[in-house]
Amino acid sequence: MLDYVISKYNFWIYIILMMIGLYAMIGKKNLVKKLIGMNIFQSAIILFYVSTGVKAGATVPILSGHGHGHGHEVIEVAKYINPLPHVLMLTAIVVSIATTGVAIATLILIYRKYNTLEEDEILMIRKETGV
Amino acid sequence: MAEQFAALIIVVPLIASLFVPVIGWWKKRLCYPWVVAVLIIPLISSLSILNTVMTTGKFSYRLAGWAPPWGIEYVLDHLSAFVLVIVSFISLMVAIYSKKSVQDNLPEKTVPFYTLFLLLVTGLMGIVITGDVFNLFVFLEISALSCYALIAIGEEGAPMAAFNYIIIGTIGACFYLLGIGYLYIATGSLNMADLANILPPLYDSKVILVAFAFFTVGLAVKAGLFPMHTWLPDAYCTAPSAVSALIAPLMTKVAAYVMIRLMFTVFQPHFSIEIVPVFTILGWLAVMAIVWGGIKALAQTDLKRMLVYVVVAEVGYIVIGVSVANRLGLTGAILHIMNDAVMMACLFLVTGAILYKTGTREIHQLSHLNKKMPFTMAAFTITALSMVGIPPACGFFSKWYLILGTIEAGQWFWAAALLCSSLINAVLFFRVIECAYLKPMEPAYAHDGGETIHEEIQRDEAPFTMLVPIVIMAAGVILLGIFSGKIISSVIQFAVPASF
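Taken in order, these protein sequences are the chains called A and B. The first sequence begins at 1 in my numbering and counts up one residue at a time. The second sequence begins at 1 in my numbering and counts up one residue at a time.
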């Protein structure tokens, strides 16, 4: 059992992180904490992707000695880590930054309107004013 | 030539959206004509693409010339060309409509509104056109992000609704991203056609099953399927009129399109039907969506909030059509994507026009609206009859195919839910029509001074830029109904997977 956990530790870490994020999004009353939970959730997925590209004993995927006159060497795929998941994650990081930006801007609007960021207080105010 | 149109459809609105701030900085009132002019190009392109697909069959466009499994390709087949025409047509109509609504509601936000509007349209088109699962995620997020911001500039309570949507929508998108990750681990490919080739031997793998589960849940969140619809009513209801007229018809339908695309193109139909029991679950969720949406809609006194719950029910229609997984049901689902987009656009445009003219959305305050706004109310009535399912309006035909599909699949309860929903729609919409056409003025209001009763009600029609899209949509409801046989025989029957 322990071997099973340790041999796949990257997946366990991503699942635990994801659950922490999900808990924060569902369980926390403060909207900023919800947003931080969302960030943890997204980061967990980014870590998952990055870890899938890794190969034991492999190096960065920069081909040395190829191109100028050395093009006939055989490229051993196992020697280089897979760069594609990392490239995908650059896009996902940009997306997550943009989402955080929009969410923070929305939080500013909410704070200006209700003067608080606690969800239950906002619901109280909305109930009282009938909006 | 048609291949170049495929690129133009994405590039033109994307680049044009970056120019909106420049134009707005120079002269603010030029933003509107710029956006309308720009959106004509995707409409022409998508019509030309549909024409090419109908004559010569499917084709693809390689971005930067990279061959498919490595590069990103845009795939134009009957289904994507069909949905592209819907998206580009409705976004153009809503853009024409938006002039007065934006001047009235968001005078200081004109420039950001039009920038985000074009970005949202770009995202929706990109989702439909792309043949790459990760590229689809990027477009999904482009459309979602601009949608969050557009909702947040709405009325009282909109920022809170937008924040809830951000949280839930991001979970949906992240689940979709995880699904891509699992597929990539198992297959090493991101291209839809390539995945469809690699996947069949791996169908028993748990990784693929998990990926499929993540896709289904993620897209159900994005489509607002019951019980993942909780973000939808507040977000769509508090958004500005022009925004809800764009997102209510298109966002959920495009997510339903992605569902069809993944379940029947990336995965073979027999995987989605036989190996995982997903359609039984989705079908019952859709039944609950129809019933719950209908009941909640009945309880509303606010016209827009009522329509928002109708959207929840309509998502159920499309998902039922997908879940019965036979030729008739899927034909109905694809037809309903078009019909529902047109009907919902028309209803939300009318609601926006009523709000603009009378300043109210309460159903019981709509009396004598048939004399004040005859064309708008006529359009509303036509669309309402179509929602109920009265021929020759288009709503009848998609419902007909959906019900035939459920009967063929032997799901009698689902057929009953569809029929009940027609009844609920009849009650819903006739209540509005009764208030608008037949109900006298509110007694308290009329007794104020005896003369107000006899006073001639002035005709006060919506402005021209609002009226034109509304009338076009209402005419579309009838025309699409009359020509639905032709649409099915020339486009939709090729969009349904051949193995059915």
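Hint data in this document are derived by calculation from the structure and do not stem from the laboratory. Please note: incorrect hints may appear among the correct ones.
As the list claims (entries may be wrong) - Here are the simulated PhoX-like pairs of lysine-lysine, each with C-alpha atoms no more than 20 Å apart in a straight line: (1) B:K296 - B:K371; (2) A:K8 - B:K206; (3) A:K55 - A:K33; (4) A:K113 - B:K109; (5) A:K79 - A:K29; (6) A:K113 - A:K55.
- Message: Run the distance test for K79 (chain A) versus K29 (chain A): straight-line Cα separation, threshold 20 Å.
- Response: 48 Å, violated
- Message: K113 (chain A) and K109 (chain B) were given as a pair; does the straight-line alpha-carbon distance stay at or below 20 Å?
- Response: Within the cut-off at roughly 18 Å; holds.
- Task: Mind checking the alpha carbons of K296 (chain B) and K371 (chain B) for me, to see if they're no more than 20 Å apart?
- Result: Given that 20 Å is the threshold and the Cα spacing comes to 30 Å, the pair is violated.
- Satisfaction of hint between K33 (chain A) and K55 (chain A), Cα-Cα up to 20 Å: Violated, at roughly 35 Å.
- Task: Below or equal to 20 Å on CA atoms is what counts here, so check K113 (chain A) against K55 (chain A).
- Result: Violated, because 51 Å separates the two Cα atoms, which is more than 20 Å.
- Query: Can the restraint linking K8 (chain A) and K206 (chain B) be considered satisfied, given a maximum Cα separation of 20 Å?
  - Reply: Between K8 (chain A) and K206 (chain B) the Cα gap is close to 15 Å, so the pair holds against 20 Å.
Comparing the model with each earlier hint shows violations of hints 1, 3, 5, 6; every other hint is respected.
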